[in-house]
Amino acid sequence: MVKKEISGKRDADLEALKELLPAQDILTFFFEDAAKRQYVCIFADALTDKDLLAEQALRPLSGYDGAPQAECIAQHVLSPEVRTQKNVKELAGEVLAGNPVLLWEGADAGLIVGTKKVAVRAVAEPPTDVAIKGPREGFIEDVKTNTSLVRRRLKTGELMIEMLTVGRRSATSVALCWLEGTCRKDIVEAIRSKLKKIDIDAVPDSSYLTRFLSDRPYSLVKQVGTTEKPDIFCAKLAEGRAGILVDGSPIALTLPYLLAEDFQSSEDYFVPAYRATFTRLLRLFALITAIYLPAFYVAAQLFKLQLLPVKLLLTIAGSIRDIPLSPSLEMLLVLLVLEVLNEASIRMPKYVGMALSVVGALVLGETAVSAGFVSTPAIIIVAFSGIGLYAVPNLIEETSVLRLAMLLAAGSVGTYGILLVSALCLVVIASTENFGVPVGAPFAPFVGRDLRDTFVKYNLLSLKERPETLRSPNKRRLK
Amino acid sequence: MKLTSRQILFFLAAIAPLGKMVIMPARLAAICRNDLLWPVLAQVLVQAALVFCVLLLARRERTLYALVRDAAGSVCAKICVLVLSAFLLFAALLPVIEQKLLVRSIFYDTIPAYLVFTPFFLFSAYLCSRPLVSLGRMWDILAPLSLVGLAGILLLSVGSADYGALSPAGAAGAPAFAGGTGAACGWFFDAALLLPLIGRFSYTKGLAWKGALCYLAGGGVLLFLIATFYGIFSEIAVIQAHAIARMSGFFAGMTVLGRIDYLFIFAATFALTFYVIFPLHGTVGMLTESFGGKKQLPFLLSAAVNLVMLVVIYLLNFRTSQTVEWVTGRLFWIFPVFSVLLPLLLLLIFGRRPHEKNS
Chain A
3 MVKKEISGKR DADLEALKEL LPAQDILTFF FEDAAKRQYV CIFADALTDK
53 DLLAEQALRP LSGYDGAPQA ECIAQHVLSP EVRTQKNVKE LAGEVLAGNP
103 VLLWEGADAG LIVGTKKVAV RAVAEPPTDV AIKGPREGFI EDVKTNTSLV
153 RRRLKTGELM IEMLTVGRRS ATSVALCWLE GTCRKDIVEA IRSKLKKIDI
203 DAVPDSSYLT RFLSDRPYSL VKQVGTTEKP DIFCAKLAEG RAGILVDGSP
253 IALTLPYLLA EDFQSSEDYF VPAYRATFTR LLRLFALITA IYLPAFYVAA
303 QLFKLQLLPV KLLLTIAGSI RDIPLSPSLE MLLVLLVLEV LNEASIRMPK
353 YVGMALSVVG ALVLGETAVS AGFVSTPAII IVAFSGIGLY AVPNLIEETS
403 VLRLAMLLAA GSVGTYGILL VSALCLVVIA STENFGVPVG APFAPFVGRD
453 LRDTFVKYNL LSLKERPETL RSPNKRRLK
Chain B
2 MKLTSRQILF FLAAIAPLGK MVIMPARLAA ICRNDLLWPV LAQVLVQAAL
52 VFCVLLLARR ERTLYALVRD AAGSVCAKIC VLVLSAFLLF AALLPVIEQK
102 LLVRSIFYDT IPAYLVFTPF FLFSAYLCSR PLVSLGRMWD ILAPLSLVGL
152 AGILLLSVGS ADYGALSPAG AAGAPAFAGG TGAACGWFFD AALLLPLIGR
202 FSYTKGLAWK GALCYLAGGG VLLFLIATFY GIFSEIAVIQ AHAIARMSGF
252 FAGMTVLGRI DYLFIFAATF ALTFYVIFPL HGTVGMLTES FGGKKQLPFL
302 LSAAVNLVML VVIYLLNFRT SQTVEWVTGR LFWIFPVFSV LLPLLLLLIF
352 GRRPHEKNS
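If you read the sequences in order, they're chains A and B.
So the mapping is simple: the working numbering equals the position in the first sequence, first residue as 1, plus 2.
So the mapping is simple: the working numbering equals the position in the second sequence, first residue as 1, plus 1.
Just so you know, the hints here were simulated from the structure itself, not pulled from any lab data.
The C-beta atom is built at its ideal place from N, Cα and C for all residues, glycine as well.
A few of these clues could be false.
[Claimed, not checked] Here are the simulated DSS-like pairs of lysine-lysine, each with C-alpha atoms no more than 30 Å apart in a straight line:
(1) B:Lys3 with A:Lys477
(2) A:Lys306 with B:Lys101
(3) A:Lys196 with B:Lys296
(4) B:Lys3 with A:Lys196
(5) A:Lys146 with A:Lys119
[To be verified] Just so you have them, the derived chain B footprint on chain A, three or more residues with Cβ under 8 Å:
(6) 262-274
(7) 415-423
(8) 429-435
Make a model of the complete structure from these sequences and hints.
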């Protein structure tokens, strides 16, 4: 049975700690101070900066001959991050987090020295959401670095960062961030409560938390915003949202989420409003085309040829004449090939991926058409649809499934099937709320003022108030 | 969660007129010939007044069931709700048949297997089980969509219309006007459609006036569309069922652009789908409230109501035109009972607020 608190007997306390930390990479180091008092330092091998530990703690303490109380000893450790802790389990947690623990004969508490050493990659431009004009920094896997990136952009005492631990075994650090007085308190409280209730063994990535933070975890509708960029994260905090940074993940979460957010890119705010409006409408057009084009093509061929202009119809009729597959099966096959190519090229090593693209695009496509397996229009439509889907990269997961659903509806019921699936999707979106905020706002429900920053982007000077949908206590952002 | 008054106005202005644009223009052309606008005008004016009355009733912020229960007990309230639900189910028959015919006409080159309309009932069952707030939010999206659809259809049609075909006014005479007005009753029951909504939205100042004006605005669009329809087809309008799908097909640019009018027809049909489901949603909503308690009740009721409608529609599959004739010709009197007399009666009994009664 593990003792709960430090007893003051070094060997017994060490044994209690080792009982909790039996792994071989948890090392111990014994030394004496000037008063011949026996110390033991327990630390995790790869997580502790040993040079720093020796410089800041071991060397100063080897000359110490004062009282054995932890508070007195702490004053002789030259580290800015020194804490005392009596609870053995907490001390074990600190060792696992990379902070060495000192125990000694007659100790009233263990001493924690903050000499953690974490291998982190440099702050770099994230692969998603690249901005031509605008900041190029992206979050990395270290939560401390990420909070520093946020703090550097919001130099205000109103920025609150609350550290929580999630995961029974991973004990992952989670930083809940919000701007006091701008984000609604009930939202912060609800997020905190949900995070505290999570009882999972490990949190390898922030995406794990999205399921717990969604009111409808099984829904196809996205309910938590994501970003890899500190500038977007800070802009969302400034709008009245709360943000979550998870140790080990470069993807930050933002709440409450609105579907319209994913049609905005950071660059929209750095270019003139007319350009931002144009690109947002282009994204919408690309996404709608990507989802609907394969389905309408199949529905037109199977059920309603009048949907196609006569000349186009004649061209298509010529190219599909000798195709052995039905239009829906042909389209499904080409779409599946695209999905497989896409999946394989993402997972494969960079150079093999390039070769795969050539094989997929040129060899497979060209040969399949000349062999008469699939028609040229089907390849063109799927290619356009594949490109269009990436115009809104944050919705790829949802839209690729939706495209397939539309295709199945078109193949079985025709255009009316497409209409009904679209209606169903809209009803599901309109019904979905997270933290009391409707995901479909400002369209469903209609919030006129918030339309200024959706598909049509108003000039920054016109965006004087924070989004009404978020009901921020501090409504005005521009005076 | 309640509807907003804006959503009610959106429904009255942009979605309610859609239900009258499929079979009704051809049917009225058969009865009234070039005087088909007058019965519509009369119905629009009457319904606008009744919409005003129903919205005044909403000032009490109590549902219909609660109002009747407080005044006459829960048994009486349950009977009232059952009767009104039965009417709404009956009233939904014509729009559902119209939707089925429209779908066949515009989405398929050849008559499809009749099972293709079945997914509509699956969707309807899902929507009917959702709370009213979901439908209200849909109206927020559908209102602009419907307006875009109607505007597009009208823009592509007006060039082909000869409005002179509507003259001389009054040539069909009073019997045609009376017959047309009677037949149009089957499509004008919007005041009754609003009855399940009372108490489910917050009454804001002047809402009754705004509601009546919005209904009149929607009625204006309807009149313009019917006038254009008759202007295009004139004497052969009687055989042109599915007015909104037919009238824009003569646009000169289509030889180059293809059937771009389908974009607008699809938009209007999309919004129309929700209008068709609305009476069924009202039925489920009222029955759930009166027999409420269990969480699964809306799902069960929704499934039951839609199953009944599905069976009726397929039983009448080969008697569609007779059914339309029967509902608008012989049973037309049922509609004014629920959409004219009932709202007036309710206004008479519950119209005044409690403090007004005391004073």
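For this session: Go check the region 262-274 of chain A versus chain B for me, would you? Three or more residues, Cβ under 8 Å, otherwise it fails.
Result: Since three or more residues must qualify, the claim that chain B covers the region 262-274 of chain A is violated, with 0 doing so at under 8 Å.
For this session: Assess, step by step, whether the Cα of Lys196 (chain A) is no farther than 30 Å from the Cα of Lys296 (chain B), and give holds or violated.
Result: holds (25 Å)
For this session: Below or equal to 30 Å on CA atoms is what counts here, so check Lys306 (chain A) against Lys101 (chain B).
Result: holds (16 Å)
Problem set entry | Coverage criterion applied to the region 415-423 of chain A (partner chain B; beta-carbon cut 8 Å; 3 residues) | holds (count 7)
Exercise. For the region 429-435 of chain A, do at least 3 residues have a Cβ located nearer than 8 Å to some Cβ of chain B?
Worked result: holds (count 3)
For this session: Verify the proposed pairing of Lys3 (chain B) with Lys196 (chain A), using a straight-line Cα cut of 30 Å.
Result: holds (27 Å)
Exercise. Does the structure keep Lys146 (chain A) and Lys119 (chain A) at a Cα separation of 30 Å or less?
Worked result: With a Cα-Cα distance of about 12 Å, the restraint between Lys146 (chain A) and Lys119 (chain A) holds, given a limit of 30 Å.
Exercise. Within 30 Å, alpha carbon to alpha carbon, are Lys3 (chain B) and Lys477 (chain A)?
Worked result: Given pair Lys3 (chain B), Lys477 (chain A) holds - Cα atoms ~24 Å apart, limit 30 Å.
In summary, the structure is inconsistent with hint 6 from the numbered list given earlier, while agreeing with all the others.
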